Amino acid sequence: MPPKKFTWYNGIGLTLALIFALFPVFWMVSTSFKPSNEWVKQPPVWISGNATVENYLTILWPSVLLEKRGGLTQYTEEGEQKVAETTGVGGAVGDILIKSAWQAIWGSIIISVFATALSIIVGLMAALSISRYRFGGNTTPFFILSGRMFPPIAIAIPFVVMFSDVGATDTYWGLILAYAAVTVPFSTWMLKSFIDDLPKEIEEAAMMDGLSRWMAHVKITIPLIKGGIIATTLFILILNWSEFLFALILTYTKVATIPVQLAKYFSATEGALYGVQAALATVSIVPLVIIGFFIQKHLVRGLTLGAIKR
Amino acid sequence: MSDNLLELRSVSKNYGKTQALEELSLALPKGSLVVLLGPAGAGKTTTLRLVAGLESPTKGSVWLEGQDVTKWQPNQRNIAMVFDNLALYPNRTGYENIAFPMHLARVPKADIERRVSAIADQLRISHILGRVPATFSGGERQRVALGRAMVREPKMFLLDEPLSSLDFMLRIELRTELKRLQKDVGKTFLYATPDYTEALALGDMVCVILKGSVRQLAPAQTLYDRPADRDVARFVGNPPINLVRGELDRVDGRASIRFGNVALPLSPEAERNLPSGVKQVEVGIRPENVVVQRQANAGAALGRISDVEPLGMHTAVEVDFQGAGLTATIAGEREFEENQPVSVNILSETMIFFDLVTGKRIGA
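These protein sequence lines map, in sequence, to chains Y and U.
Reading the first sequence from the start, the letters are residues 1 to 310 in this note's numbering.
Reading the second sequence from the start, the letters are residues 1001 to 1364 in this note's numbering.
Just chain Y, same shape as in the assembly (with noise of 0.2 Å):
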């Protein structure tokens, strides 16, 4: 594609897309910082002047917010746990207050990354041999797709009685599980044509060259769709990172994970406490940020390459 030339039309469309993107970032990041009663204000707020980290505090370390408001909320030596004598912030008490979102930020990245990991390897492993191997035929491919073609809650009852008949609601491998077959049909089909696109007979070169065909996909195969695995990886963790009803349905106390904790803040008389969900939205989105801006280059080369070719 030859470059485009920059034209005043250009830059007012591109701008309005980007405020059009941008804007609820924005609005969860100013949110962030306000304090409660300029979280719903009429006109809004758009930067608080009276900025302030108690919403931070809430999710990473509630007990500092509880001590300086001088209600003092503990774990005694004892396991006896005294009620906070304050409200927090949005007048949230008890539970939500003593609890940081700590178990869940935890929770959330050990479940992706692994949840990721499986479905990628899987992914692979059935994108090669139904693209370089023609496994099961043409059902086949279609068959890994139709998990996809009805909505989750359809296929959610089941798992929770298949997931409570052997022990694995409430674990961390049970939501790997879960969440690794949700989304191993997207990392097969997306790697699939990755490597649709890439001829065979550099695979089967190196077979003639001395490999065996194994050896021949991890030395060869492998590095050459590199760009694609990136990509399919990250698309995988957001899906992972975000997914919300099997980790809402498949946990209760031991396991939990931010989005399901996002719907905890919630007070009794306050409603929604939004300051403190837009605290834990913008720490949720940290990593990610993190990660995609270390690997663009990868993904903008590896989502023009193959992704929706042919």
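Hints should not be assumed to be uniformly reliable.
[Unchecked claim] If you only want the chain Y side, here are some residues facing chain U, beta carbon under 7 Å, derived:
{"hint": "1", "residue": "ALA117"}
{"hint": "2", "residue": "GLU201"}
{"hint": "3", "residue": "ALA205"}
{"hint": "4", "residue": "MET207"}
{"hint": "5", "residue": "ASP209"}
[Said to hold, decoys possible] Label-pair distances were calculated between CB atoms; the ranges are:
{"hint": "6", "chain 1": "Y", "residue 1": "ASP197", "chain 2": "U", "residue 2": "ASP1068", "range": "30 to 38 Å"}
{"hint": "7", "chain 1": "U", "residue 1": "GLU1113", "chain 2": "Y", "residue 2": "ILE222", "range": "24 to 32 Å"}
{"hint": "8", "chain 1": "U", "residue 1": "ASP1355", "chain 2": "Y", "residue 2": "MET149", "range": "54 to 62 Å"}
It is worth saying that the hints were derived from the structure and are not from the lab.
Only a predicted model underlies this, so the values are computations on that prediction, with no experimental measurement involved.
Note that CB positions come from ideal geometry on N, CA and C, so glycine has one too.
Put chain U on the given structure of chain Y with help from the hints.
Chain U in isolation, oriented as in the chain Y frame:
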């Protein structure tokens, strides 16, 4: 036991319902260069892939140095192959591409360097060894692919239309080079091409494959002069051979062949080759054996020029005989015009006869 390096024994290959190869048998003596000649889709590539081990036959077996290797993986066969699309490793430099097979064989680094630079000299690609394939010209890619095959000491070489992507001059040059290389290294080559001039120029033996089976395995010139059947005759030669349906007349011990309004006498030698029962045959006449003259000659057939097409060294002229047409190639300097009446002579010794039903060549 024979000293054939490679043998394909009635190999069939089906892809689903389509049959790519049907009962194909072929033997290559050690040190020979055999050209697989056939149009696109005839089964050339499939044959090479079966020999390479990249495909396994539906029926039949592949033998290498007297061993049944049908079930062997490609990397166990020690055969080098140059692919149709060359299939260089795009992420590796020219040097790394050529060195890769030796690298896999764990050859010491110094030996690899020596060998790669020797081959690069031979192929005149030393200057591109440090660059990646995306920066190569077509000819350079071709040579790197050849180098990657030559760097090893394989049992044999498979070349799948290796010169197809090159322009004409380069093709001629590399073709000559390839033949010299084959003589130098004394290895067995199996070379697939759809181009009969390339086949004639290269091969000791040419194997014509049509519709998945071997039609003829013969030295190049035999293929041209004595094709096994109508299809082979048609595929070999440009402009293509004239094929006309003729009636055989035998009167008073003198035979002649008639087609359209033409009757041509047959020499006793030509006639002796035709079995006595035969009444109708298909006659094949190479364009260069059709002699066209301006003035009417006794015993010659009369026709009109219907088309003139200059081919550089030759000119192809179409002669119309009211119902039958013949193409003739004549030396460039002679000039004919359209609609010009001419007389045509054809030496019966140069005629090739085919059975009307089976298409097989009749006679010795």
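Tell me, in ascending order, the numbers of any earlier hints that this structure violates. Those not satisfied come down to hint 1.
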